[in-house]
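Q: This is what each chain is made of:
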Amino acid sequence: MKYVEEFRDPKAAKGVLAAIAQVTNEIGATREKPVHIMEICGGHTHAIFRYGLDKLTPEGIEFIHGPGCPVCVLPMSRVDECVELAERPEVIFTTFGDAMRVPGTRKSLMQAKADGADIRMVYSPLDALELARRNPDREVVFFGLGFETTTPSTALSIQQAAAEGLTNFTVFCNHITVPPPIKALLDDPHMVLDGFVGPGHVSMVIGIHPYDFIARDYGKPIVVAGFEPLDLLQSVLMVLEQIRDGRAEVENQYARIVPDNGNPVSIAAIDEVYEARPSFEWRGLGEIDASGLRIRPKYAAFDAEEKFGIGYGGGQIRSVQEPDGCACGQVMTGRIKPVACPQFGTGCTPEMPLGALMVSSEGACAAYYQYGGARSPEPAE
Amino acid sequence: MKYVEEFRDPKAAKGVLAAIAQVTNEIGATREKPVHIMEICGGHTHAIFRYGLDKLTPEGIEFIHGPGCPVCVLPMSRVDECVELAERPEVIFTTFGDAMRVPGTRKSLMQAKADGADIRMVYSPLDALELARRNPDREVVFFGLGFETTTPSTALSIQQAAAEGLTNFTVFCNHITVPPPIKALLDDPHMVLDGFVGPGHVSMVIGIHPYDFIARDYGKPIVVAGFEPLDLLQSVLMVLEQIRDGRAEVENQYARIVPDNGNPVSIAAIDEVYEARPSFEWRGLGEIDASGLRIRPKYAAFDAEEKFGIGYGGGQIRSVQEPDGCACGQVMTGRIKPVACPQFGTGCTPEMPLGALMVSSEGACAAYYQYGGARSPEPAE
Amino acid sequence: MNMAKPITRLRDERVTLAHGGGGKAMRDLITEVFTDVFAPPGDEDQARLTHPAITEPGAQLAFTTDSFVVTPVEFPGGDIGKIAVCGTVNDLVVGGARPLWLSASFIIEEGCEVALLRRIVASMKVEADKAGVQIVTGDTKVVGKGSADKVFVTTSGVGVIPAGRHLAADQVRPGDVAIVNGVLGDHGAAILAARGDMALSADIQSDCQGLGHLIEAALKAAPGIRAARDATRGGVASALNEIADAAGVAIEIDETALPLRPEVRGMCEILGLDPLYLANEGTLVLFAPPDQADAAIAAMRATDAGRDAVAIGTVGKGRAGLVTMRTLFGGSRVVDMLVGEQLPRIC
Amino acid sequence: MNMAKPITRLRDERVTLAHGGGGKAMRDLITEVFTDVFAPPGDEDQARLTHPAITEPGAQLAFTTDSFVVTPVEFPGGDIGKIAVCGTVNDLVVGGARPLWLSASFIIEEGCEVALLRRIVASMKVEADKAGVQIVTGDTKVVGKGSADKVFVTTSGVGVIPAGRHLAADQVRPGDVAIVNGVLGDHGAAILAARGDMALSADIQSDCQGLGHLIEAALKAAPGIRAARDATRGGVASALNEIADAAGVAIEIDETALPLRPEVRGMCEILGLDPLYLANEGTLVLFAPPDQADAAIAAMRATDAGRDAVAIGTVGKGRAGLVTMRTLFGGSRVVDMLVGEQLPRIC
Amino acid sequence: MCLGIPGQIVEITDPARLMAMADVSGVRREVNIACIADGPLESLIGEWALIHVGFAMSRIDEDEAAKTLEALRGLGEAQETLEAMAAGDAALEGRA
Amino acid sequence: MCLGIPGQIVEITDPARLMAMADVSGVRREVNIACIADGPLESLIGEWALIHVGFAMSRIDEDEAAKTLEALRGLGEAQETLEAMAAGDAALEGRA
Ligand code: SF4
Ligand code: SF4
Ligand SMILES: [Mg+2]
Ligand SMILES: [Mg+2]
Ligand SMILES: [Mg+2]
Ligand SMILES: [Mg+2]
Ligand SMILES: [Mg+2]
Ligand SMILES: [Mg+2]
Ligand SMILES: [Mg+2]
Ligand SMILES: [Mg+2]
Ligand SMILES: [Mg+2]
Ligand SMILES: [Mg+2]
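Residue numbers (this note's numbering), protein chains in the order written: chain R, 153 to 533; chain L, 153 to 533; chain E, 104 to 450; chain Y, 104 to 450; chain D, 13 to 108; chain C, 13 to 108.
Keep in mind the hints are simulated off the structure, nothing from the lab.
Beta carbons: idealized from backbone N, C-alpha and C, even for Gly.
One or more of the hints may lead you astray.
Stated by the list, open to error - Cβ-Cβ distance ranges computed for the label pairs, FRET-style: (1) Y:V140 / L:G268: 22 to 32 Å; (2) R:D412 / L:P288: 42 to 52 Å; (3) R:Q482 / Y:P277: 33 to 43 Å; (4) E:D377 / L:E424: 33 to 43 Å; (5) Y:K323 / E:P144: 24 to 34 Å; (6) R:R285 / C:E54: 23 to 33 Å; (7) L:R272 / R:E424: 42 to 52 Å.
Here chain R stands alone, though its shape is the one from the complex (with noise of 0.2 Å):
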């Protein structure tokens, strides 16, 4: 596969994992006195985990996996909320497949479906919008998840929609922001965090630039990363470079496909269609201030907040007590490890997760449990 397969050439990695080991060297990173890398995105730690960059990069890095799972930060009120409109009969309730196993406080979008609400897995809101066309009387409604990666594409299928006059689609926008977060955690005084590999598909769309304030205020190094596992290797040589060299950059790894401005067309579309919500409320951190979209009054009739009389509480009101025992919120702000957690492997396991980090593969106490990352291939005694 083209722009793929050299990317995951396992013959150039030698080059990179030897510059990777001597600058670690350099900056005297050990296991006891590691230098604390975040990868914010979700799709990152997946990627170090399927690979195991985990096991080929020295032991002087530490990997603190972020917030940047949208599945994983979602809270469960708000999964409550997707259930009650997936259970109304004239609704076909769409999602991706990423957020059908993720409980609520009743039930899971799974359960729902199970119970008999019709839900349906789709591959992109355009498909949401074809059954809004062949199904005119259903009320067929999105589920809206993601990051800015994804935000440009409901942006899209709601001006279509409106283009088209369908009257039986809305988006339940539960779009987030990737800056907001990052600047919360780095106000944490608990937080030691020496670098950022920052989200490539984010940021092709909104550009390097929104991450400024990362190297500009709090003087951290940030390298925006490809998929593959040589972009992410690079990207972590690039941070441990900048460390070492006392640097603190917004780099640009992913070229190849990151402008460094971003994509002015999915800019347009997001900006026309959402605002910023005064706040949001993220599974493990709490409300955070301007960082969930919500659909402008210009497109109310795309909004199945307005037209379902669901709207937004904020998680003052409406937030749900998290699971007993739970510590999604101190592994996501990398305070201590998933293996850590009491519940992890006993009860909280991806067949009965009790935090969001087990549902979502890409959530870190998943990726763990599931790739290894807690249990070693050697025999136990």
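Assemble the complex: chain R is given as a structure, and chains L, E, Y, D and C with the ligands must be docked to it using the hints.
A: Chains L, E, Y, D and C with the ligands only, in chain R's frame:
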């Protein structure tokens, strides 16, 4: 079972059969020169074959199986209209089981159901009413089929729907009345009939006086009969006695059920809800004046013809060609026996009925075929 | 970190598509609901079996299958699991086979309650134990909501027919006596009432039961028994017609001899149905030579499933394949196979 | 009057409830669509069977069952009938059994086209002939519109395991080589594309095929083969995990060795799926002792179903039940069983 | 045509809608009693009526039933005293 | 987060709605090209773009891709000449 078992007592039958044999003798009826008695009602046809009465009575008595099976005389075009109604996505089409297998030009209701139409078999129009209550967003159409026996039930159901203010219940009215076809048959110069066994359950509604014209104007005996085998035999005996005595009267063998003046509540309900159509098509008999009912304008909201714009165009316009070689008309008028139809048992079987008389188990051809009127239990040479 | 396995892993109340996906959820469902109860031998997807009866000279294997789709899944007198075991056991034993092993395959609708599955499996186990068969292999599939009716069960059965036994429809001869083991139509009437479509209620239980012990008892007392057939779909009328066709004989039954519950009679009168065509799930027709008929009936009556055994007709020399009935009124009529299913009549 | 039987009695284009009612319509459907093609022995509802291999000393019977519910019913590379025969044949042969007889039970949705049933039955016959098995008994049920998805097929299989053969998951030993017979995930990817839900099109055919000849060839060349398992639902990953669990061994596979079609790879990248979990219907994993692995691969490659046979990993002494993969990048990760079915990921 | 069967009214279930429970040989069904309700509804309990498609269509007249049966039995007895008896037997048993 | 994969635009399928067929390793899917349509649509044919949830989100810059690869390869070659090579090999093979 009270009022049932007593009238099936084989011992009591001996006397009646002996009396029948004797009177037949007295009349001088023989196999070659039989007395022709028409049982008007399909229920009587069914009972004759179910109990083997045709083989117990003397050869000098020839039963002519009348037009009293509402399924058999239903014109094909009306079946097509049922299918059209049933295929509307908003419609739940409800029907007695009898009508499911009657072939239309395109398909039967059974086939329409297999093709996806929402068709439900019910025992009572009250069950259709209940479906309408439970499915306020669907249109429940009840297939109103049958003679005066059944007509009060749909009339009362329509009145009940009106009283409750139901707006999603309609009746597709195909109710027909017994006296007009009898008159038509009596007016047919080819018809040879010496007397009638009258329909007991029709008469419990309309009483026995609607048959006065048979005795008075045509000089033929008629005995209103019950449906148990002793009822039937006694009625045959009473017809024979009238013939022997040169009488032509309307007699009531079924007085335990049939009041001479019928049931006033039923008659009032029919009159309130229905009115006579100028004419109605009978399969095999053609158009017969004032032989069908339609819903009065007052109840138009409950009239599927009105609500769905079907109307009744009359046979001249709407009736569709009967299948080639079908002799149903001749069988129904008693001109030939079912087995004399060239299609009987080959082109026309209960599996693949060509004519209507092969569909219902009350149809003369089906009764002959199924209960062996046509097939000797002796070994075939 | 604690990697110990939790004790119960199946915590869902209802089956979801995840339980059909080939992963841990499916494994947990299969283990906790099915194999913990059936306890099949071994871990492989195929059962590996030996039995001395199979290798005896002259023995034959009997192999049969049926899918069960009854609605409602639970009804007075049984459930789909009981029927699925009894039905396949009966298909074995009416051919003279000793049932040995069953397979059980489940097609489960998304949303089906796990507790319902547990009840079904429990009743399968009870019936299998009664019949002396082992459920040795199985399968589960989960289909989307609306693509099945809660659960469908398919069982297959393997049995062994001892040397010298030859029960078959074509063995029936003129003069033989047709015997049923009990009242007719209970299952069909019970299901009609339980379904509720006609809003009729009646205290009728399905006759659902295994017939192995009954057949063995009858064969011991009347080794000349020619054939037996369980009168399931299509009722006794269809079973008789199949036998008449296969044997090339005529059969005459006697309406006055037919054992019927008053409630079944009542339901038939209301709906215009003929009880001869109502389904049974534990009722058979058996043909014995005239000199062994009384012995067969007596032996049947000594078993649980045969208390009401009675002769209902005889085999004659009439037209091959023809079944007739002497009516209670002394007349006679043909009892043909139906075309399709029996529909309630009104007019 | 003409009482001769018409030549074709099944004139309906679609199945109606009448075809499930136990009467003539059902008989005609069964005769004309099923038994005329399968030609089972005898007229009874049970097949009566003998085979010399069964009575040989040390032989075992193998018995297995599966229900098939694939949507769409016809897809590139096969149909539900082909899968139903191949799937059950494969469940027999992966245990070393020679398949002898199949049962086939159909749950048909009202409205199903008769022509579709005929095509399914024809493809079952073709596959059964190829595998050398006979479809000897069967059943049909008709359920209401919306209570099934056109047609479900359940097959059960009986085979005989010759004396001395013992293929079982728990026979796998450290050092053994894991071998697959061909590319992975074709069936899962073909069905995903054929279903159309994701609006993806690709020229991918299901790998649906019988594996009997392949196994016999491999066993002849490498009689020490320990175990084989067809990697159906849950894919190769699940098959490996089951074997690792049963044998109490660790298995390490090599990502670079996994045979994958570019289109399957592409579909997995688009949807965020892992091909190790995609279903196969004619692909197995087989374990051979190290000194016979090459012989096994060579023998497999000489068969139609094994042209792309290749070693994908080895059995080690790691933690019992653990399957790991050396990634193409030289790293290592656990390949666990999935929880439920694999869902397309977007984010 | 017009299948009907005698049933006994055992309970008034919904006086407003004129519904009652009828019993036919142990089988129960709610039926409409408008056609037979010419007095206080309670007085219908225990009464027999002809049931058709969920409606009690006509009350059964016990006296008339008895009269019909009497006539039938009388016919039987009368015939028994006649030599025509023999012919009747033949018809009953010989022809089937 | 944000699964994306390079695909090649092979056909414009609906110019009005800005839809085109994209090919990913032989798998085809109709995608929206609004975000990459900055010139005549036909000129997109043959171009590569990053595909995400049915949208072509960003055109792939071939030169930048080549530069990145070059840097990666250069890194490899540079390291090969150093004795640090040994340490790199150990990391690659020893730890798994
Ligand atoms: S193991 Fe479960 S509860 Fe604990 S942090 Fe991870 S997801 Fe949260
Ligand atoms: S055999 Fe068929 S075509 Fe002929 S008269 Fe009877 S119903 Fe009509
Ligand atoms: Mg069977
Ligand atoms: Mg059976
Ligand atoms: Mg049977
Ligand atoms: Mg299986
Ligand atoms: Mg027959
Ligand atoms: Mg199996
Ligand atoms: Mg299998
Ligand atoms: Mg298998
Ligand atoms: Mg069967
Ligand atoms: Mg494992």
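Q: What hint numbers does the structure not satisfy?
A: 2
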